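Trainee: One-letter residues, chain by chain:
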Amino acid sequence: MSENNVTAPVKRHMGLKTSRALSNTAIYALLICISVIWLIPFVCILLQSFRVELKGPVGYVLPKQWGFDNYIALFKTDFPRWYVNTFVSALITAVLQTIIVLCMSYTLSRFRFKMRKPLMRFMLILGMFPGMLTMIILYRVLSDLGLTQENAVPGLILVYIASSGMGYYVSKGFFDTIPKSLDEAARVDGATRFQVLKKIILPLSKPIVIYTILTAFMGPWGDYVFAQYISFGTSSGMNVAVGMYRWLNHDQISSSYTMFCAGGVLVAIPVTALFLCLQKYYVEGVTGGAVKG
Amino acid sequence: MKKFLVLLLAAMMVFSMFTTASASSLAGTYDITVWVANEIVDLTKAQIEEFNNTNEMGIKFNATIEAVSEADAATQMITDVAAGGDIFCFAQDQFARLVQAGALAKLGARAGETVGAANSAGVVAAATAGDTLYAYPLTADNGYFMYYDKTVIPEEHIDSLEAIIADCEAAQKYFAFEMQTSAWYLASFFFATGCVSEWTMDEAGKEFVSVRDTFNSPEGLIAVKGMKKLVDSPFHLSSSQASEFSSGAAVVVTGTWSYTAVQEILGENMGVADLPSFEVDGQSYHIGSFNGCKLMGVKPQVDAVKAAALHQLAQYLTGEKCQLERFEKHAWGPSNLNAQASDAVQANPGLVALNAQAPYSLPQGQIHGSWWDIAKVIGDDVKAAKDEAGLQAALDNYYNKIAALFTMTAEEKNAWGVIGSINGDVWTIDLPMTNTDGVWVTDEAYAMEAGVEFKVRQGKAWDNAFPADNFKVEAAGTYKVQFTEATGAVELIAQ
Amino acid sequence: MKKYTDLEFLKLSKGKKFLYKITRFFCSIPQKILGIFVALWNLIKKIAFAVKDEAADIFSTFVHGDWKTKVSFLVMGFGNLARGQILRGLLFLLFEGVFIAYMVLAGGYWMSMLPSLGKVGPEEKYDFILDTYYTVYNDNSFKILLYGVLTIFFIIAFIYTWRVNIRQNKMAEKILASGKKLKSGKDDMRSLVDDQFHKTLMSLPLTGILIFTVMPIVFMILVAFTNYDGAHDGYYSNLFGWVGMDNFNTMLNWNVNSGGSVQSYAATFGEVLAWTLMWAFFATFTNYFLGMFVAMAINKKGINLKKLWRTVLVMTIAIPQFISLLYVSKMFAKNGIINGFLMNMGWIEQALPFWEDPTWARITVIITNIWIGIPYLMLITTGILMNIPSDLYESARIDGANPWQQYTKITLPYMLFVTGPYLLTSFTGNMNNFNVIYLLTGGAPTNPAASSAAGTVGYTDLLITWLFKITQGAESQYYLASVVGILVFVVVALISLVVYNVLPSIKNEEDFQ
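The listed protein sequences correspond, in order, to chains X, C and V.
Its first residue numbered 0, the first sequence is counted upward by one per residue in numbering that gives the first Met the number 0.
Its first residue numbered 0, the second sequence is counted upward by one per residue in numbering that gives the first Met the number 0.
Its first residue numbered 0, the third sequence is counted upward by one per residue in numbering that gives the first Met the number 0.
Calculated directly from the structure, the hints in this document are not laboratory data.
Keep in mind it's a predicted model, so treat the numbers as computed, not measured.
Hints may contain errors.
[As the list claims (entries may be wrong)] Here are the computed lysine-lysine pairs in the DSBU-like style, where the Cα-Cα straight-line distance is at most 30 Å:
1. K31(V) - K198(X)
2. K205(C) - K468(V)
3. K306(V) - K16(X)
4. K75(X) - K320(C)
5. K205(X) - K118(V)
6. K67(V) - K142(V)
7. K31(V) - K116(X)
8. K205(X) - K299(V)
9. K205(C) - K118(V)
10. K51(V) - K113(X)
11. K185(V) - K198(X)
Put together the whole structure using the sequences plus the hints.
Mentor: Here you go:
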């Protein structure tokens, strides 16, 4: 993806040049404006995390006393445990969910079988039910299986991946853009469907695979409502969102708010880093797929 | 037979009191989960350890202690009792919900007596439903008063709401009083003018049967006029968090639990006082408050032995010694009478302010769980009101919602019942009837004397009642009552 | 409404054309809804005939089949075993064995309890010696409903498998009669990675969806017909039972509370729905157009540091919402830093009511949502913009089109065509956008007229957050939440159906290949 090929090269006239310079200056001003607005909350969170003098929320931004106290304090709580929980579930979810989503979308894109259309329609309809409600039932099922509270991590992973087959849209859209003639040529040469997938489709699908891994990995970091159900008050089974959210409770906010900010910074680091590295694939995946719905 | 049973019961109770067999039979190791507020996790751990080492019954607890705030505990327990803590702490307003959800185990007779005698009366009432204790009082300091910044509010102004608001506005500082999101704080204005909301439970302590609520009254109107002065101020903040002092507040109404946090922020400038008075039509009203407590509950157990052991622990944790420890370490105001009497407790500045507020506060008692949701809306309603009619509408709105809690289902409204002097009753109970194709017959047969009178009425109301004059029983006997809806005919069926 | 012919239509002026299209669309809605019912009726008829045919086929298979087939009616897989298809036969037999064992050991009990949802509730007992109350728990309505539903699923699966078993016998007879050979277990295995590869690929995802999505949804729908709430949790407090349509009556009745100023649930539902739709509309389209605009600005020729601009924006995607949104929510508070800043600068006298005033709060959530949404849209549209053939622009420029004309004639139509389906999914997605509302306002400010019995409803509450509040409210009315959930489904389904019938690009999925 090269950066400059959106508008085609045109013959240069002097008039055009000045008007372009003018409009570009306006755009620069706008972009700087936007960047500032977009960055303010993050900068504030970062600054608050270094505040030492008061641990509650305050009305000013710049700390009067700087230090790493909040980060040190984090490690005296269960935060490392929550962090590991979240990281592990994000990692496993990323792997398994990617496999499932790719299986599903590849099938729906490449195979023509009797139940294909009804199945897609059925999944579309299922997606219209508010998932919020089914949480209480899933919670009970998991608690019957013993996958709640201190065993919340496997329970969470199970739920994250179990229904992930429904999120096939984007990657199906991507597979749809790979010409079918490739498969057919290979099939004529005697390859099985499995070999076609392995040898031809997958190598072409790097952007969508990375896109799927990335979105699957990011999901568990922000999940609050369901993770809160599953961990059910047991600290050792919480993820970062559930654990840290409690620091904002009435009885803890004045002693833990800066710690919350510090935790937030630590949570944001891996996800942001990963995202920035893989941004290119994200764009390719999403444009190849999402637009097709 | 009945008498024999009672005798047997009494005998067994006496027996159990004299025997130590019961105590030693509790010996064993139990794995339990305890939910307490984050603040006292470490202290509770030490206290349970202490209990393990000192109890003479041979009970050992292998306890997992989780930090679950008193606000969350009830919601969690109700979602899934099985996964909840075996012992958990909660604020008093959650009590009725928890009893209804079957999440609280009753105290045994002896434990009930001990707890009842050791704690202050209001606190004991808070843990009682019907005539049974369902929980152990943990603190008695769940009330609120005023913290203020001495540099903004001069001491001579602290008695007047209007003066404080004026000071705040002049200094562009906020007055934090949680009026829009909490019925607990909001009720204070109503208590100032003598309004009450008193709820009555049935004997089993499971359902609310009636309410005496005078919020919608001339006094209530005065209260909301006072409230309007506050919520209309651009510098009113609906919050009760100590940290507001570090983001522009000069006054925060909150409780003893904020003491350390406020002190850290304001230092020497911290002022503590009872709530101010507001003035309506030339008369002054001192703002009231709720006087509540925190409770510790034991989850119902399948195993009687474990249940007994847990009750022993809960009793220990809420006893004088543990309450004093909690006071010393975290300034939690004790509910235990002996602990309350100690000099240190008497001298604690937070508790002193609470005591100054005490004459204007009401014990919280048992309140319907939905009341908190219904009443907290008044704040927003009052803020939106444009004139006195609007304020009155806010109260009407509130009153209608309270009344709707006791409305009957359509089925109950349509059902017919017999009311009269049957069974020695004096026209108070509607005897239930069952419908078969428009013919209603009482579920049971009743022995009736000659001369007994009754009527058949619909939906426990007199709008539809038959016969026009009371039905008179002419000959004594055991009868069922039959009522034909189409004709309105009332007949007796001899059994 | 007059219907124009193609020729007449082409003669109309531009504005009239548009008007005509819109009117035609709305006029056709009743017809379309009618069409749905007709289609439903046809479906029912089709199913009835299919069942009849199946029954006839089963019967004739039994009558005309050989003894191996006849035994297979009782012992599944017997025919396969007898004809040498050992693998298939064993699998059938195993399935039958598991099914019978399950039904005898557990399934029978759950099914028998399903009509009543339990008979004996919990009992409190008193131990005299220990002076302690303890509880004996009995039937569990929740589990009865849950496992009852699972058992029904299992029975359906069994009937289907049994039918397949019979059909296979019939086929096998036919194949053998024509002198061909039956497939061996090895052939079966091979076909699973080749012509039956889709079955292999989908078996795992579909099982997951069945157990963790379909089953809970069926359960949720059933809960709407019970009185499951905090005081009737089915095990610890009281049993719950079937109540028929009562909950729907409560929710859809406009006059539930006699006393004047209290809103009925139906009125509250109407208000929340109206705001939900409004929110979804603004959240979708503000993001869409502003996101596209930002993408175009960044991609404009001559703008440097493209990567940097993108990276800054993308941060909002990468940082979990529970951190960023909670912080933003505090920034807008009455004593938050935004009000503080404005007051310090002397621009305002008193704090702006970002979260206190209903209209302000609604606008603030929409604006905050732009902050979250633009980066996604920026990424998506960047790619699409690059795909627009550049010669289109070139020829437009040669024709003397200004940038605005280029945008309305080339960019926008192209974008709308390509992203039509995305707009629909993001519209329905926004209707159920729990996180943004819950973390930003929690629904505040409260709507005083709405009934509080089901949790307090606020002006920024969406149906989905209201539903959540109902389950968390004082009475934990799960049954009411289920009713709301079903209604949400109905609304979303209706919207999607209408849009699907209008949008051309969704129907033709092959267009892009």
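Trainee: Take the hints in turn and mark each one as holding or not.
Mentor: Here is how each hint holds up against the structure:
This hinted pair does not check out: K31(V) and K198(X) have alpha carbons roughly 46 Å apart, beyond 30 Å. Restraint check: the Cα-Cα separation between K205(C) and K468(V) comes to about 23 Å, which is no more than 30 Å; the hinted pair holds. Note on K306(V) and K16(X): the hinted pairing holds, with a Cα-Cα distance of about 24 Å set against a maximum of 30 Å. With a CA separation close to 29 Å, the supplied pair K75(X) and K320(C) stays within the 30 Å bound.
With a CA separation close to 57 Å, the supplied pair K205(X) and K118(V) exceeds the 30 Å bound. Between K67(V) and K142(V), the direct Cα distance comes to roughly 41 Å. Violation of the 30 Å bound is thereby established for this hinted pair. Of the supplied pair hints, the one linking K31(V) and K116(X) holds, its CA atoms being roughly 21 Å apart against a limit of 30 Å. A C-alpha spacing of about 28 Å is found between K205(X) and K299(V), which places the hinted pair at or below 30 Å, so the restraint holds.
Distance restraint check for K205(C) and K118(V): the Cα-Cα separation of roughly 20 Å lies within the 30 Å cut-off, and the hinted pair is therefore satisfied. For the suggested pair K51(V) and K113(X), the alpha carbons sit about 21 Å apart, so the restraint of at most 30 Å is met. Of the supplied pair hints, the one linking K185(V) and K198(X) holds, its CA atoms being roughly 24 Å apart against a limit of 30 Å.
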